[in-house]
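Novice: Between the sequences and the hints, there should be enough to build the whole structure, so can you do that?
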Amino acid sequence: MPEAPAAAPWYRRLMLGLLLAPALLWLFALIVLPHVDLALLSFRERVAPRQYVASLAQYRTFFGEPLYWRVFVRTAVLSALATALTLLVAFPIAWTIAKLARGRMSALLFVVCLIPFWVSETVRTLGWMILLRESGVLPALLVHLGLTTQPVELLYHDATILVGLVYTSLLFMVVPLVGNLESLDNALIEAAYDLGGKGWSILREIVIPHAAPGITAGCIVVFMLTLGNYLTPTLLGGKNSLWFTEQIYTQFITRFNWEQGAAFGFLLLALSTAMVWLGLKVSGQRFSDVMRRA
Amino acid sequence: MSAALLLALLAGVQARADNAQVLKIITWADYVPAEVIAQFGKETGIQVQVTLSNNEEMISKLRATGGAGFDLAQPSQDRILGAQQEFRIYKPFDTGKVRLDEFVPELLDIIRKNATIDGKLYGLPYIWGTEGLIYNSKRTRISDYPDLCKPELRGRTAVRLKRPTLMAFALASGRNPFALYDNTKAYTALMEQVGKTLAACKVNFRFFYDNKDQLLNGVRSGEIDAAMMWDSGGWALNRANPDIKFINPRSGAIAWMDTFALTARGRNDAAAYAWINFVMRPEIAAKVARSVGNFTAARGAEALMDPRIRAQFAETFPDGLKNIKWYPAIPPGLEAIEGAILDRVKAAD
Amino acid sequence: MAAIPDLEVRTLAKRFATHLAVDDLSFSVARGSFFSILGPSGCGKTTLLRMIAGFIQPDRGDIAIGGRSMAGVAPNRRPVNMVFQQLALFPMMSVAQNVAFGLARRGIGRAERTRRAEAMLERVGLGGAGGKRTDELSGGQRQRVAIARSMILEPTLLLLDEPLGALDLKLREHMKIELKQLQAAFATTFVYITHDQSEALVLSDHIGVMNHGRFEQLGTPQELYYSPASAFVAGFVGANNRLAGKALAVNGSLVQLATSGGWVVHAHRQGPITAGMAVEAFVRPEATLLGRTSADLPPGQTAHAGEVISLLFDGANSAVLLRELQSHIEFRIALPQTGAYADLQVGARIYFSFDPQRAICFAAADAHA
Numbered sequence: 001m002p003e004a005p006a007a008a009p010w011y012r013r014l015m016l017g018l019l020l021a022p023a024l025l026w027l028f029a030l031i032v033l034p035h036v037d038l039a040l041l042s043f044r045e046r047v048a049p050r051q052y053v054a055s056l057a058q059y060r061t062f063f064g065e066p067l068y069w070r071v072f073v074r075t076a077v078l079s080a081l082a083t084a085l086t087l088l089v090a091f092p093i094a095w096t097i098a099k100l101a102r103g104r105m106s107a108l109l110f111v112v113c114l115i116p117f118w119v120s121e122t123v124r125t126l127g128w129m130i131l132l133r134e135s136g137v138l139p140a141l142l143v144h145l146g147l148t149t150q151p152v153e154l155l156y157h158d159a160t161i162l163v164g165l166v167y168t169s170l171l172f173m174v175v176p177l178v179g180n181l182e183s184l185d186n187a188l189i190e191a192a193y194d195l196g197g198k199g200w201s202i203l204r205e206i207v208i209p210h211a212a213p214g215i216t217a218g219c220i221v222v223f224m225l226t227l228g229n230y231l232t233p234t235l236l237g238g239k240n241s242l243w244f245t246e247q248i249y250t251q252f253i254t255r256f257n258w259e260q261g262a263a264f265g266f267l268l269l270a271l272s273t274a275m276v277w278l279g280l281k282v283s284g285q286r287f288s289d290v291m292r293r294a
Numbered sequence: 001m002s003a004a005l006l007l008a009l010l011a012g013v014q015a016r017a018d019n020a021q022v023l024k025i026i027t028w029a030d031y032v033p034a035e036v037i038a039q040f041g042k043e044t045g046i047q048v049q050v051t052l053s054n055n056e057e058m059i060s061k062l063r064a065t066g067g068a069g070f071d072l073a074q075p076s077q078d079r080i081l082g083a084q085q086e087f088r089i090y091k092p093f094d095t096g097k098v099r100l101d102e103f104v105p106e107l108l109d110i111i112r113k114n115a116t117i118d119g120k121l122y123g124l125p126y127i128w129g130t131e132g133l134i135y136n137s138k139r140t141r142i143s144d145y146p147d148l149c150k151p152e153l154r155g156r157t158a159v160r161l162k163r164p165t166l167m168a169f170a171l172a173s174g175r176n177p178f179a180l181y182d183n184t185k186a187y188t189a190l191m192e193q194v195g196k197t198l199a200a201c202k203v204n205f206r207f208f209y210d211n212k213d214q215l216l217n218g219v220r221s222g223e224i225d226a227a228m229m230w231d232s233g234g235w236a237l238n239r240a241n242p243d244i245k246f247i248n249p250r251s252g253a254i255a256w257m258d259t260f261a262l263t264a265r266g267r268n269d270a271a272a273y274a275w276i277n278f279v280m281r282p283e284i285a286a287k288v289a290r291s292v293g294n295f296t297a298a299r300g301a302e303a304l305m306d307p308r309i310r311a312q313f314a315e316t317f318p319d320g321l322k323n324i325k326w327y328p329a330i331p332p333g334l335e336a337i338e339g340a341i342l343d344r345v346k347a348a349d
Numbered sequence: 001m002a003a004i005p006d007l008e009v010r011t012l013a014k015r016f017a018t019h020l021a022v023d024d025l026s027f028s029v030a031r032g033s034f035f036s037i038l039g040p041s042g043c044g045k046t047t048l049l050r051m052i053a054g055f056i057q058p059d060r061g062d063i064a065i066g067g068r069s070m071a072g073v074a075p076n077r078r079p080v081n082m083v084f085q086q087l088a089l090f091p092m093m094s095v096a097q098n099v100a101f102g103l104a105r106r107g108i109g110r111a112e113r114t115r116r117a118e119a120m121l122e123r124v125g126l127g128g129a130g131g132k133r134t135d136e137l138s139g140g141q142r143q144r145v146a147i148a149r150s151m152i153l154e155p156t157l158l159l160l161d162e163p164l165g166a167l168d169l170k171l172r173e174h175m176k177i178e179l180k181q182l183q184a185a186f187a188t189t190f191v192y193i194t195h196d197q198s199e200a201l202v203l204s205d206h207i208g209v210m211n212h213g214r215f216e217q218l219g220t221p222q223e224l225y226y227s228p229a230s231a232f233v234a235g236f237v238g239a240n241n242r243l244a245g246k247a248l249a250v251n252g253s254l255v256q257l258a259t260s261g262g263w264v265v266h267a268h269r270q271g272p273i274t275a276g277m278a279v280e281a282f283v284r285p286e287a288t289l290l291g292r293t294s295a296d297l298p299p300g301q302t303a304h305a306g307e308v309i310s311l312l313f314d315g316a317n318s319a320v321l322l323r324e325l326q327s328h329i330e331f332r333i334a335l336p337q338t339g340a341y342a343d344l345q346v347g348a349r350i351y352f353s354f355d356p357q358r359a360i361c362f363a364a365a366d367a368h369a
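Chains as they are written, first to last, in our numbering: chain B, 1 to 294; chain R, 1 to 349; chain X, 1 to 369.
Incorrect hints may appear among the rest.
As the list claims (entries may be wrong) - Residues on chain B that point at chain R, a partial pick, calculated with CB under 8 Å:
1. Arg50
2. Arg70
3. Arg133
4. Ser135
5. Ile253
These aren't lab readings, by the way, just hints derived from the structure by calculation. Beta carbons: idealized from backbone N, C-alpha and C, even for Gly.
Specialist: Structural data, given as structure tokens:
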């Protein structure tokens, strides 16, 4: 019966294929097909009403117009900054949840990170606007405390965008970090301390290398979310938001220029892919490991 | 088993039959009041489903589906021709099915001029109004669009980052942008000049607003002292606070008109015609006018209009509609020129 | 004047909520010796060790290392290093980086670090393994890395927190010997905590037997084994047969006691005992002699009879488990290595006796309470 063992894997592979078929079809229909369509769109140009020719004009427009370049780079830089800030804010929180807080306290901290997601992003962002606008709560409080002589506009600054983005992204950084930090044996920290390590050197030599997959996973998720965010930068940034997703929206919806929008979309996809690749290279992680351990 | 299938099939057919009694309209806020929907339903048994939108989204949504998903759309009269030539999202009216004598003839003439393709009419007038300026007379006094850029109004004005703002500032520069619609080169040059003006003025704009409420909030909270605004919003602000004035700018208010347009793949034209004939009855049109705060294209509805709004209209436009500019139809491709300018304004420091 | 002890603990106490973990403890450890703290889990030995390392602050008392008080000195500034229970090697570093970690923290340059780490690895028999990852090493090698990592800082005191606990038996036996040799080679003072009395006996110069936050006895392994100071030590250190009963008569240092089953034995008195008190006697398996008949036993010793219930063959450590006929108390006796009783069968009747001087009798623990 030498055939029997060979038949089993064949049969099993078919079963696996059948089991995965709905998910694969779903992926194909909702992710792959629209992207193929968008790719085709991005490589054509309108020459007259309802007449299109294959062309690189959309990409040429992007590279030829400094405005689009500027917004593109600005979005990338601000997203990277927001990711770094999120990491800075999330790390102590994750550390507290994983290492210091016990039982109920740790659950409570998690809930605090979850609260922003109890309301929709729109409501949350509008809440920020009510809080920060010149006639809003915070400027009034600052005047009341005597810190400013008259209400100041706290909206429509890059800093406001960053604060909003960090707030929105916090949970996505905290969760992988907690998972990673929880698996860090306390004895390693004690051992490092015992061997003469101090806070900073232990963080650098022991904690960060251990948490690297979590940090990388968190950063990838947060960076992608931030890069693709539309509402927060647009609403909080106001007239100066200059977020690339907004450009895409504008091209698709108000300019009826699907070709340009599709090209922008692909450029954004390329950017996020490049940044993720770069992040993995710099941190020396493998994508599959990061995703598994996150 | 097959009996169950048959039942399911029949149920599907039944559901489809029910769908025939639904009219799907994509329109602007306040254009289709609940009260009017209820009355229409009582008379005809047709349910009305409303989706709120604006010109660009309306066109984009219809473009994405090739003109399906809605039975009736209400784009502005200047946004029919170009969109139809480019995307084929509308279908022409059978004018025999509409009681044309219910419409104000002057408005019908405008639409005939702007929304006729190959002799077929693609739009019917519904609601019209103007876009001018508002200001808080306690804080400042302005008379034309460029006054929004006065140094003392730094950070205290607002406009939309859309084509009406470009048109307004172009008019204020002494040129007529509408006359250059067919001259791409001259139009581009004019728009570039306007773009520079707006970019220089950007410090004065607190924000670019996307919807009426955003601006109304800003004015009510005292953050905005002057802005470009629609008449209905301006008059509403004035009724609440007499210090806030809505004026016809020296360069002229710009008049817009929103329309009825049948969608290319709309399923329920009969219901659409029934709805149009229903809402254009003077007494129904008056209800709509009260809801939206603007005048409708229904003949005789004006007499039933809120007298306060009529008084406000007379105050803003003492010369009637003389100094008002109607948008001509936008030829395809114009938005791309304007879009590049608007992008530059947005990116300006 | 005697040399300053490497470790001196004075009236040290630590309380956790209601639980007194370390109770007014004082002892000192001589330079270069191997000192073990032996006790069951929960006896406070880990707390004691962590106080010495500096991870826990004592409530009261003082710890002096090399004659210098450690009050207010942080763990990373104490001349003490620790080998952790699971060794706590840094998995993100190579073996050499692990060993050089402490040097790097002291700001020693890379070249010097590398040289010294390599020399240290050489010394613990891991020359050339510096480039390996820690998970490529065997359990024994990992322990050597852990010790090397600490010893490279030349601490006054090396603390070891049951490092052998995680190893399998065979390796543990091997590592015991290796540890002892390493300590001898480095001549550094080792403070070792364990719950395994055999580890403590084999390795230590001195052992503190700890129970309920106190030392029951502090002495050499021999003292603990042959002259336990308390019933707890007698029961905890080495194998022992425990006979609980009542003192019938006390005659000088000799106690006559009867178990509840009516078995009467004689034992050497340890501490004050009067007739009628509840007592516990301990008899080592190897202090007992076997005889096929009562005549085989030394004259003058009381002969007891028992029935073999199981034979525990373990080479040199073979023993027989029997049940005393009268009381049915289980009793363990080491088999002589001559093989004279190799033919013993379960169920066989056998006689045994012991020198009352080698049986020790304490007042029962609950009699104190």
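Novice: Can we keep the Arg50 (chain B) interface hint, with Cβ of chain R closer than 8 Å?
Specialist: At about 7 Å, which falls below the 8 Å cut-off, the nearest Cβ of chain R leaves the hint on Arg50 (chain B) intact, so it holds.
Novice: With chain R as the partner, please determine if Ser135 (chain B) meets the hint condition of a C-beta pair closer than 8 Å.
Specialist: Ser135 (chain B) check passes; min Cβ-Cβ to chain R is 4 Å, inside 8 Å.
Novice: Hint Arg133 (chain B) vs chain R: min CB-CB distance below 8 Å?
Specialist: 7 Å, holds
Novice: Hint Ile253 (chain B) vs chain R: min CB-CB distance below 8 Å?
Specialist: 5 Å, holds
Novice: Under 8 Å, Cβ to Cβ, is where Arg70 (chain B) needs to be relative to chain R, so tell me if that hint holds or is violated.
Specialist: 6 Å, holds
In this structure, every one of the numbered hints holds.
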